[in-house]
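Engineer: Those protein sequences? They're chains V and B, same order as listed.
At position 283 of the first sequence (counting the first as 1) the number is 285 in the numbering used here, and the numbers step up by one without a gap.
At position 32 of the second sequence (counting the first as 1) the number is 1062 in the numbering used here, and the numbers step up by one without a gap.
Warning: the hint list may mix true and false statements.
Non-contacting residues of chain V with respect to chain B, defined by C-beta distances greater than 12 Å in every case (computed) [unchecked claim]:
hint	residue
1	Glu293
2	Pro381
3	Gly423
Each computed SDA-like pair below joins lysine to any residue, with the alpha-carbon atoms no more than 25 Å apart [what the hints assert, rightly or not]:
hint	chain 1	residue 1	chain 2	residue 2
4	V	Lys92	B	Pro1063
5	V	Lys111	V	Asp233
6	V	Lys28	V	Pro460
7	V	Lys398	B	Asp1086
8	V	Lys398	B	Leu1036
9	B	Lys1046	B	Leu1036
10	V	Lys298	B	Ala1038
11	V	Lys298	B	Leu1088
12	V	Lys111	V	Gly164
13	V	Lys298	B	Leu1076
14	V	Lys298	B	Asp1082
15	V	Lys398	B	Asp1057
16	B	Lys1046	V	Ala59
17	V	Lys92	B	Ser1055
18	V	Lys298	B	Asp1086
19	B	Lys1046	V	Ser395
20	V	Lys111	V	Ala59
21	V	Lys298	B	Ala1087
22	V	Lys92	B	Glu1064
23	V	Lys298	B	Leu1036
24	V	Lys92	B	Gly1059
25	V	Lys298	B	Asp1035
26	V	Lys92	B	Arg1067
27	V	Lys298	B	Val1047
28	B	Lys1046	V	Asp343
29	V	Lys398	B	Ala1068
30	V	Lys398	B	Ala1045
31	B	Lys1046	V	Ala321
32	V	Lys298	B	Ser1043
33	V	Lys398	B	Ser1055
These are calculated hints, taken from the structure and not from any lab test.
Just so we're clear, the structure is a prediction, and the values are computed from it rather than from any experiment.
Even glycine gets a Cβ: it sits at the ideal position worked out from N, Cα and C.
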Amino acid sequence: MSFDTAQAVTRAVREGRTTAREQAQKAIAAAKAEPFNAFTAIFEDEALSQADAVDAALAAGEDPGPLAGAPFAVKNLFDVAGHTTLAGSKIRRDAAPASADATAVARMKAAGAVLVGALNMDEFAYGFVTENAHDGPTRNPHDPARIAGGSSGGSAAAVSGGILPLTLGSDTNGSIRIPAGLCGVFGLKPTLGRLSRAGAFPFVHSLDHIGPFARTAADLALAYDALQGEDPLDDLSPPVADPLSARLDALAEQPLRVGVLAGWFQQGAFPEVVEALEIVADALQARRGVELPGAKAARAAAFALSAAEGGRLHFDDLAERALDYDPAVRDRLLAGALLPDGVAHAARRYRPAFRDEARRLFEDFDLLLAPVAPCPAPPIGQATMDLDGVPVSVRKTLGAYTQPISYIGLPVIAAPVNRPGKPPIGVQLIASAWREDLAFAAALRLERAGVIAAHRPPFRETA
Amino acid sequence: MSGGDLSAFQNLSDAKVAAYLDSRSADLGLRIPENCRAGVAENLALLRDQTDLFCDALGDLTDADAPGEPFTP
Chain V
3 MSFDTAQAVT RAVREGRTTA REQAQKAIAA AKAEPFNAFT AIFEDEALSQ ADAVDAALAA
63 GEDPGPLAGA PFAVKNLFDV AGHTTLAGSK IRRDAAPASA DATAVARMKA AGAVLVGALN
123 MDEFAYGFVT ENAHDGPTRN PHDPARIAGG SSGGSAAAVS GGILPLTLGS DTNGSIRIPA
183 GLCGVFGLKP TLGRLSRAGA FPFVHSLDHI GPFARTAADL ALAYDALQGE DPLDDLSPPV
243 ADPLSARLDA LAEQPLRVGV LAGWFQQGAF PEVVEALEIV ADALQARRGV ELPGAKAARA
303 AAFALSAAEG GRLHFDDLAE RALDYDPAVR DRLLAGALLP DGVAHAARRY RPAFRDEARR
363 LFEDFDLLLA PVAPCPAPPI GQATMDLDGV PVSVRKTLGA YTQPISYIGL PVIAAPVNRP
423 GKPPIGVQLI ASAWREDLAF AAALRLERAG VIAAHRPPFR ETA
Chain B
1031 MSGGDLSAFQ NLSDAKVAAY LDSRSADLGL RIPENCRAGV AENLALLRDQ TDLFCDALGD
1091 LTDADAPGEP FTP
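The shape of chain V in the complex, shown without the other chains (with noise of 0.2 Å):
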């Protein structure tokens, strides 16, 4: 295992106190030894020789990369030439190899890091916990009785726990923040369309984003300023590269008005979860108190969407193979099937209506904040919780807090809350459309302020 930043990685990569190779073969080492649950495949030959082109590269004089020598891997729902793309499932284990890498992909090897394998996921990113019933459960790095969180566990729990210093993820729902939240790490959902989703296996065309998870603040703007950059062929036609990382500084200095929001984005907290908002809060001297109007019936409409979605996306394998489903996904996709065609567009109507509440609320504020989850990981197996005294879904209620805002596709980082030995939490630094660069200003002051931190899992520490 090893804590290194990509950053530091990198350093000493260019620096030829370790090489590229060395750094592959101790991030494959820790990948077949994961206690987690979190990979699905290592890709050993392919990653020992990428390194080795990028040794090659760097004694030849030549400039590898940002990401030069550090190892990354991705969710099993990316495009990897050469591997099928199971996204989660057993439906598609005899599906075709892609014949090219993922978008994302792609640009993360171009910029010199490492691909090292692929990552467990709650199947066809459909749910919050990572209980995958084909490939077992990805545990919490921190108390492995516990999810990850979901649906992208795998690329949570494998930076949480030290085998990689970064990963990527998509988030339709949550699927990167709350993961990120509950294992205690950094994972930035983009605004919808700045990141090119081609090759990622699609599960809500309408809400689907990808996005890098990382231990520190800097590590996860490098890793988003690589996958930067117009596609083609992605039909949200991502804008042109705007790089973040030369000016980490001049961002962490940034005067920002912040704002808590309220009402339904803590109701249910548990105390612990209120208390960790509390600490960001004060460190941003924030505004207490910030309604969003309509946030229950976004989070409603983002619910209903995806299962409509999702279920017409799935239909032709559903009539054919509905049993060969993980069965928790599996019933989900089938009423999302059924249901009348006029659900998915009132859905997609009330958009608009909430995003443009959103909007007035940025007139005042360049950051909201709001918890990640409603609780801290609950254990694995455990199907319901309490919500206000009312048994609810763990995997239909872990994302209330972050459904409504990524329905409106808005940037989002999620933060670790500095708890050392205490179960991770995190928070939501939201900010409006396209200013990801804001999101990023207010996690690095927390970061440098202490009140945000990436902590290695207390049992590591000990081993």
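Given the coordinates of chain V, work out where chain B should sit on it, guided by the hints.
Structural biologist: Showing chain B alone in chain V's frame:
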């Protein structure tokens, strides 16, 4: 009732969800395995409740024939 009718779906009673499941799956040609029926019905009831929530918030915007704007964040 027509399986594609939004307001009829919203007005389903709990007792009528199973009948909706049967008629809609027959209309679509999507067979629901017997051991999935209870789970699918439970999810349909939840989706009905959620649909009610955002349709209430939409108010007059629920007109199915109204043109929708392409969404930008």
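Engineer: Going back to the hint list, which numbers does this structure go against?
Structural biologist: Hint check: 15, 16 fail, others pass.
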